[in-house]
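S.K.: For reference, the chains in residue letters:
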Amino acid sequence: MMKKCPVSALNTVLTALSGVAPLYLPVNGKGKDTRAKYTKYEDGMIYSTALNTVRSAKDFFFPQTENLVNFKVDGKNIEIIDPREEHEDFILFGVRACDYKSFDVLDRVFLSEPVDSYYASRRAHGIVFTMACTRPAETCFCTTFGIDPSEPQGDVSCYMTETDVYFDAKTEKGEVVLAKLGDLLADCEESTVNEQKELISSRMKALPLSSLSTEAFGGDKLDKLFDDPRWESLSESCLACGTCTYVCPTCQCYDIKDFDTGHGVCRFRCWDSCMYSEFTKMSAGQPRLTQMQRFRQRFMHKLVYYPANNDGLFSCVGCGRCLASCPISMNIVKVMKTLSEEAEDNGSK
Amino acid sequence: MQTVTRETLLDKASALLASGEVSRVLGWKKGEFAYDVTPAVFESAEEMEKDFVYDIFSGANFSKYLIKETAKEGKVLVFLKPCDSYSFNQLLTEHRFDREKVYAIGIPCDGMMDASTVKALAPEGLVSAERDGDNLVIHTLYDGDKILPYADNLPDRCRHCKSKKVVAYDEMLGENGDVVDSHRFDEVAELEAMSEDARFAFWQNELSRCIRCNACRDVCPACTCEKCVFDNPKSGVENKAISDSYEEKMFHIIRAFHVAGRCTDCGECSRVCPQNIPLHLLNRKFIYDIDRNYGDYMAGAEEGSRAPLVNYKTEDPEAADVLERGDK
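Line order of the protein sequences matches chains S and C. The first sequence maps to residues 1 to 349 in my numbering. The second sequence maps to residues 1 to 328 in my numbering.
Just so you know, these hints were derived from the structure itself, not from any lab. There's no promise every hint is true.
[Said to hold, decoys possible] Covered stretches of chain C, going by a simulated chain S footprint (3 or more residues, C-beta under 8 Å):
1) 22-34
2) 83-92
3) 114-124
4) 187-200
5) 214-221
6) 270-281
[What the hints assert, rightly or not] Facing chain S, a subset of chain C residues (Cβ under 8 Å, in silico):
7) A60
8) Y65
9) V127
10) G144
11) C225
12) V229
13) D231
14) K240
Cβ coordinates follow ideal geometry from the N, Cα and C atoms, glycine included.
With the sequences and hints as input, model every part of the structure.
M.R.: Rendered as structure tokens:
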């Protein structure tokens, strides 16, 4: 049964939710950057309806840095310390359909054997409330990857109109949490949000990137795309910074390093970027010597290698963050459009 | 008003390509939307006709690209806005590229927009934006058009422009401007006036957002080391991770020290920061200090000038003098 509350009562609901488990939601920033970022809820905080948070929701399951293990050296003894804290349940509120889909992309990496227990623990404890996108942006192209922002998945999917917020439990976890809110939510018919869904669908169709196609890409396109001469011009002004990889909800590469604490070692994992010159450097050197090769790697991974290993699933969810933040405004949409054109010119796809 | 239009630049570039004077052109390439212009190398008039743009989003500083471009055969044409020309001179002073392989065209500028600035003005669905006289016109998906004063809504680096004067060029298009005073040290003075605790809190809030993407370093025309110490695993300071939320201060403060006296205040660091950290304020603080201690000095204003920090003079102030003055 779908439930609802008036927008004016949202804070009461959020406060109640934060009593169930620590609650994180998009809140507009303070200081020089007023854009929305996930923040731990405290009474009175205002939920930001901004379309996307600056950083994606992947941070909650795959943080930028985490300590994996500590070694303490005492004479000839080495003590091995597991620094993991017992994770408690937490609620993520306001996740967009694209970011929710990114968890699926990450799951296939971290939850396949051997299972990454650090990631698995966070996933098991996360309760996700998604929010339908009433006002998708010009940079949105999730529909290209089969995502429907009018039907966001999650433990609970939410819709927001000018007057009401609707809650639709999709999983048992979601139902349990909603049940704890008791009278704060009123029952309503599922059809109440139909108008909202139609509005979202029609807005998605009208977006400038709505016709972006994945036809030229997929697991079987390796030979065709790898040596495409256009990688050179696409990558020629790339600065080799890691912005695209770090704002991306699906980029999942990391490095594991040892930090000498003076009396032992702290072994930590941190995000790494295929754009960096030292990425995957081995004793024999870095396998990708030029920026063109590193640039190509990122897009081939998303559009060819990942689908080849994951039943055709692309590892881009069309959130548009890289479109908004790349210093030189080069991005996956430009890469896809350029390489698709080439395929047409050759008369073969 | 922009006195130089896309057509002016296109005609000039086409003529130079046709005569063989240059073999390539560094220019701005149009994107999917109004604001996502990409720096690109054009090799023919046809390519330029198709994709070259010059508008309020043509803000990227091309000077650093000259290091890579001049390593190739033939001459490259570059368009230099006033602030780009300071970086151009500074790179020449540091012998970072071959001047003979560049044909530089100076173009006047009265402020450029950038993606994050216009997106902040229209966060929900920005269709396009353009300039109409003294106004910035923003077309949105859901809220109709917004008309705002252009000059008041420029990014910080342009509102506090240091100079309208192109200081290096082979040929100037349009009318060259002058060095201007647009109060670029006001915000530094405000920070200095804060209590130590308040200033620390300010920088902690700003710098703790850093995601260590290195975009500020990678775009910076003063950061041209062939191997950055932070990319070198053998340096012992290679840091991909943030050990705590404020550890990033070290990276940014060290970087600011490294470019002190060489930074031309072009503001690219703040423009590219995906976390909107006002990094240029750190650099400006150094410029402000150098000016106060050693007299006004602008890196890149003259090719070959010796920066005060590498030019000992007997009248240089002693540390005690600075301390007595009570600088923050």
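S.K.: Please go over all the hints and tell whether each is borne out by the structure.
M.R.: To see whether the hints hold, each was checked on the structure:
Under the rule that three or more residues need a Cβ within less than 8 Å of chain S, the assignment of the stretch 22-34 of chain C holds, with 3 such residues. Only when three residues or more bring their CB closer than 8 Å to a CB of chain S does the claim for the stretch 83-92 of chain C stand; here the count is 0, and the claim is violated. Look at the stretch 114-124 of chain C against chain S: 6 of its residues bring a Cβ nearer than 8 Å to a Cβ of that chain, three or more, so the hint holds. Under the rule that three or more residues need a Cβ within less than 8 Å of chain S, the assignment of the stretch 187-200 of chain C is violated, with 0 such residues.
Look at the stretch 214-221 of chain C against chain S: 5 of its residues bring a Cβ nearer than 8 Å to a Cβ of that chain, three or more, so the hint holds. Restraint check on the stretch 270-281 of chain C versus chain S: 7 residues with Cβ-Cβ distances below 8 Å, three needed, restraint holds. Restraint check, C/A60 versus chain S: the minimum CB separation of about 7 Å is within 8 Å; hint holds. Hint status for C/Y65 relative to chain S: holds, with the closest Cβ pair at about 7 Å, below 8 Å.
About 6 Å separates the beta-carbon of C/V127 from the nearest beta-carbon of chain S, less than 8 Å, and the hint is met. Interface restraint check for C/G144: the shortest CB-CB distance to chain S comes to about 13 Å, outside 8 Å, so the restraint is violated. Given the 8 Å rule on beta carbons, the hint for C/C225 is violated: about 12 Å separates it from the nearest Cβ of chain S. Because the closest C-beta pair between C/V229 and chain S is about 12 Å apart, greater than 8 Å, the hint is violated.
Below 8 Å, beta-carbon pairs count as interface contacts, and C/D231 has one with chain S at about 6 Å; its hint therefore holds. Here the hint on C/K240 is kept, as its CB sits about 5 Å from the closest CB of chain S, short of 8 Å.
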